[in-house]
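Here are the chains, one letter per residue:
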Amino acid sequence: MKFRTEPFWWSLFGAGGAISALFLPILLLIFGLAIPLGWIEAPTYARLTAWVAPILVRLLLFAIIALSLFHWAHRFRFTLYEGLQLHHLNKTVAVLCYGTAIVLTLFAGYTLWNF
Amino acid sequence: MIQQDVTISRFYKRKMPILWWTKRRSHIRFIVRELTSLPVAYFAVVLLFLIRALSQGPEAYAAYLATMRLPAMILLHLIAFAGLIFHSITWFNLAPKAMVIKVGKNRVPDTMIILANYLGWIVVSVVIAWFFIS
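Here the protein sequences line up with chains A and B, keeping their order. Numbering-wise, the numbering used here puts 394 at position 50 of the first sequence, and it's gapless, one number per residue. Numbering-wise, the numbering used here puts 119 at position 45 of the second sequence, and it's gapless, one number per residue.
It is worth saying that the hints were derived from the structure and are not from the lab. Possibly wrong hints are sitting among the right ones.
Stated by the list, open to error - Now the in silico label distances, taken between C-beta atoms and shown as ranges:
hint : chain 1 : residue 1 : chain 2 : residue 2 : range
1    : A       : ALA397    : B       : ARG98     : 45 to 53 Å
2    : A       : PHE352    : B       : ALA134    : 48 to 56 Å
3    : A       : LYS435    : B       : ILE202    : 38 to 46 Å
4    : B       : LYS97     : A       : TRP395    : 33 to 41 Å
5    : B       : ALA156    : A       : ALA359    : 35 to 43 Å
6    : B       : LEU93     : A       : TRP457    : 38 to 46 Å
7    : A       : PHE451    : B       : GLY178    : 44 to 52 Å
8    : B       : ARG181    : A       : PHE352    : 22 to 30 Å
9    : A       : PHE422    : B       : VAL201    : 14 to 22 Å
10   : B       : LYS97     : A       : ALA397    : 23 to 31 Å
11   : B       : LYS179    : A       : ILE384    : 34 to 42 Å
12   : B       : PRO132    : A       : LEU440    : 17 to 25 Å
13   : B       : LEU168    : A       : ALA390    : 40 to 48 Å
To be verified - Just a sample of chain B residues kept apart from chain A, beta carbon distances all over 10 Å, derived:
hint : residue
14   : ARG98
15   : SER100
16   : LEU122
17   : ARG126
18   : ARG143
19   : PRO170
20   : VAL174
21   : LYS176
22   : ARG181
23   : MET186
24   : GLY194
Said to hold, decoys possible - With the C-beta cut set under 10 Å, the calculated list includes, among others, these residues of chain A facing chain B:
hint : residue
25   : ARG348
26   : THR349
27   : GLY376
28   : PRO380
29   : ALA386
30   : PRO387
31   : ILE408
32   : ILE409
33   : HIS418
34   : TYR442
35   : THR444
36   : ALA445
For every residue, glycine included, the Cβ atom is placed at its ideal position computed from N, Cα and C.
Extracted from the complex, chain B is given alone in its bound form (with noise of 0.2 Å):
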C-alpha cells in the first residue's frame, strides 16, 4: 500500500493554471514575497556599479549620481524599497522556523530569535547611515 503511494506520487503531476496564485490573498502574498528577489539582485548590482563608478574616477562617480537622480530612478528606487523592506520583514519573522538555537536544553524561544534579528538589523542600519550623516 505504502510502496503504491510513493509510485503515484512520484509520476502524477497536477495540471496548475499559470496563474494559480491569484486565487488567494494568501497566495499573492506569497508570490509578493518571492518576487523581492528581484529588487535584491538588482540593489546589488547598483552597488556594483557605485563601486566600478569609484575605481574608474571622479567623473564617473558624478556620472553615477547624475544617473541616480534621474526621476525614473527614483520611482524605481521607491518601489525597490517597498520591496526591501517586505524582504527583511518576512525573513527576519521566518527566521526562528529556519533556525533552532538551543541554550542548554531549551529551546530559545521564536520571538527572541525575531527580536534579536531587528536589532541587528536596526544597528546595521544605524551604523551605516552615522556614516553619512555625520
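Bound-form chain A, shown alone (with noise of 0.2 Å):
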C-alpha cells in the first residue's frame, strides 16, 4: 500500500534517464560550453527560433526537460532518502521532489505551447 504510485514514477525515471543520457551532454558542451567560450559562433536568435519553432521540436524539448525533471525528483529522492537516512521525512522529500518537478514541467508547457 505504501508504495502504490511507485511503478509510475519509476517509468518516469526511466524514460527520464534516458533522454537525458541521450540529449543533454551535447546540449550542455554547445550552450554551457562551446559557445561561452568562443569555440563556435552563437546561432542568431532569428535562426535558434525558428529551429525550437515547429511542434515536433517543440515536443521533443517538451518531453527532454520534463522527463529530466521526473528523472532528477526519483533519483534525488532516494538519495537523500538513502545517503542522509531521512527515512521518518519519506513523505516530505517526496512531495518536494516531484511537487518541484511537477510545477517546473508545468512552466516548460506554459512556455513551449505559447512559443
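Dock the two chains into a complex; use the hints.
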C-alpha cells in the first residue's frame, strides 16, 4: 500500500534517465561551453527561433525537459532517503521532489505551448 | 520460521551513520552516480530558460548568452558536463539490466544492447552538433 504509485514514478525516472543521457551532454557542451568560450558562433536569434518553432521540436524539447526533471525527482528523493538517512521524512521529501518537477514541467509546457 | 523472518525484517531498522557511504570507494562511486541527477535537473532548467528567453525576444536572448559567458557559469558548466557524461556512461552500461530484449527465443547479449545505446548517443550528438557547426 505504502508505495503503490512507485511503478509510475519509476517509469518516468527510467524514461528521463535515457532521454537525458542521450540529449543533455551535447546540448550542455554547445550552450554551456562551446558558445560561451567562443569555440563556435552563437546562432542568430532568428535562426535559433526558427529551429525551435516546429511543433515536433517543441514536443521533443518538452519531453527532454519534463522527463529529465522527473528523473531527478525520483533519484534525488532516494539519494536523500538513503544517503542522508531521512527515513522519517519520506513523505515530505517525496512531495518536495515530485512537486518541484511538476511545477517546472507545467512552466515548460506553458512556455513551449505559447512559443 | 519464515513468517517470523518476515516479521523481523519489517520492524527491524538498522541505524546507519549519515556518512555511511564515505567508507568505501564503491560507495562513493555509487553516491556520485546518484548525484548526477543534480546536473540533469540543472541543465533541464537552463534549457527551459533558453526557450523562455527566445520567446521573449532578441534582447532576452542576448542577455541569456551574456549570462552564460560569466566565468562562474563556465566553471559550473565544466563540473555539470563531467556529471552528465558520468550519468550517460553509467546509464548506458546498466541498460541491459533494465531491459531484456529477445529475438525469437534468444536473448540479445548485454554487449549488443550497450553498443546500441552508445551508437544512439553518438548519432544524436552528431546530428545536434551538425546544426550548430554548419
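Tested hints:
Evaluation of the 45 to 53 Å hint for ALA397/A and ARG98/B yields a pass: the beta carbon distance comes to about 50 Å. Taken as a hint, the range 48 to 56 Å is violated for the pair PHE352/A and ALA134/B, whose Cβ atoms sit roughly 36 Å apart. Here the CB-CB span from LYS435/A to ILE202/B is close to 39 Å, well matched to the stated 38 to 46 Å. Restraint check, LYS97/B to TRP395/A: a C-beta distance of roughly 48 Å breaks the suggested window 33 to 41 Å.
For ALA156/B paired with ALA359/A, a C-beta distance near 24 Å fails the hint of 35 to 43 Å. Between LEU93/B and TRP457/A the beta carbons are some 45 Å apart, a value that agrees with the proposed interval 38 to 46 Å. A hinted range of 44 to 52 Å for the beta carbons of PHE451/A and GLY178/B is consistent with their spacing of about 46 Å. Taking the beta carbon of each, ARG181/B and PHE352/A are about 27 Å apart, inside 22 to 30 Å as hinted.
Judged by the Cβ atoms, the range 14 to 22 Å given for PHE422/A and VAL201/B is violated: they are separated by roughly 33 Å. With their beta carbons about 52 Å apart, LYS97/B and ALA397/A fall outside the hinted range of 23 to 31 Å. Remark: the range hint 34 to 42 Å for LYS179/B to ILE384/A is contradicted by a beta-carbon distance near 49 Å. Look at PRO132/B against LEU440/A: about 37 Å separates their beta carbons, and that is not inside 17 to 25 Å.
Between LEU168/B and ALA390/A the Cβ separation comes to about 42 Å, which falls inside the hinted range of 40 to 48 Å. Distance check for ARG98/B against chain A: the nearest CB is about 14 Å away, which clears 10 Å, and the non-interface claim stands. Every C-beta of chain A lies more than 10 Å from that of SER100/B, the closest at about 14 Å, which supports listing it as non-interface. With a cut of 10 Å on Cβ distances, LEU122/B falls inside the contact zone with chain A, its closest approach being about 5 Å.
The claim that ARG126/B lies off the interface is violated: its Cβ sits roughly 5 Å from the closest Cβ of chain A, which falls inside the 10 Å cut-off. For ARG143/B, the non-interface assignment is contradicted: its Cβ lies about 5 Å from the closest Cβ of chain A, within the 10 Å cut-off. Every CB of chain A lies more than 10 Å from the CB of PRO170/B, the least distance being 13 Å, so the non-interface label holds. No beta-carbon of chain A comes within 10 Å of the beta-carbon of VAL174/B; the shortest separation is about 14 Å.
A cut-off of 10 Å between C-beta atoms confirms that LYS176/B is not in contact with chain A; the least separation is 19 Å. With 10 Å as the threshold on Cβ separation, the claim that ARG181/B sits away from chain A holds: the shortest Cβ distance comes to roughly 20 Å. Chain A leaves MET186/B outside its interface by the beta-carbon criterion, the shortest separation being 17 Å against a cut-off of 10 Å. Not every C-beta of chain A lies more than 10 Å from that of GLY194/B, the closest at about 6 Å, which undercuts listing it as non-interface.
At about 17 Å, the closest approach between the beta carbon of ARG348/A and any beta carbon in chain B exceeds 10 Å, and the interface hint on this residue is violated. Restraint check, THR349/A versus chain B: the minimum CB separation of about 19 Å is more than 10 Å; hint violated. Of the supplied interface hints, the one on GLY376/A holds, with its beta-carbon coming within about 3 Å of a beta-carbon of chain B, less than 10 Å. With a least beta-carbon distance of about 4 Å to chain B, the hint placing PRO380/A at the interface is held under the 10 Å criterion.
The restraint placing ALA386/A at the interface with chain B holds, with a minimum CB-CB distance near 6 Å, inside the 10 Å limit. With a least beta-carbon distance of about 7 Å to chain B, the hint placing PRO387/A at the interface is held under the 10 Å criterion. Interface restraint check: ILE408/A against chain B, minimum CB-CB distance 7 Å, threshold 10 Å, status holds. This hint holds: ILE409/A has a C-beta 5 Å from the nearest C-beta of chain B, less than the 10 Å allowed.
Residue-level restraint check for HIS418/A holds (minimum Cβ-Cβ distance to chain B is 8 Å; threshold 10 Å). With its C-beta approaching chain B no nearer than about 12 Å, TYR442/A sits outside the 10 Å limit, and its interface hint is violated. A least Cβ separation of about 8 Å between THR444/A and chain B falls short of the 10 Å threshold, and the interface hint therefore holds. For ALA445/A, the shortest C-beta to C-beta distance to chain B is roughly 8 Å, which falls under 10 Å, so the interface hint holds.
In the structure shown, a violation is registered for the earlier hints numbered 2, 4, 5, 9, 10, 11, 12, 16, 17, 18, 24, 25, 26 and 34, in ascending order.
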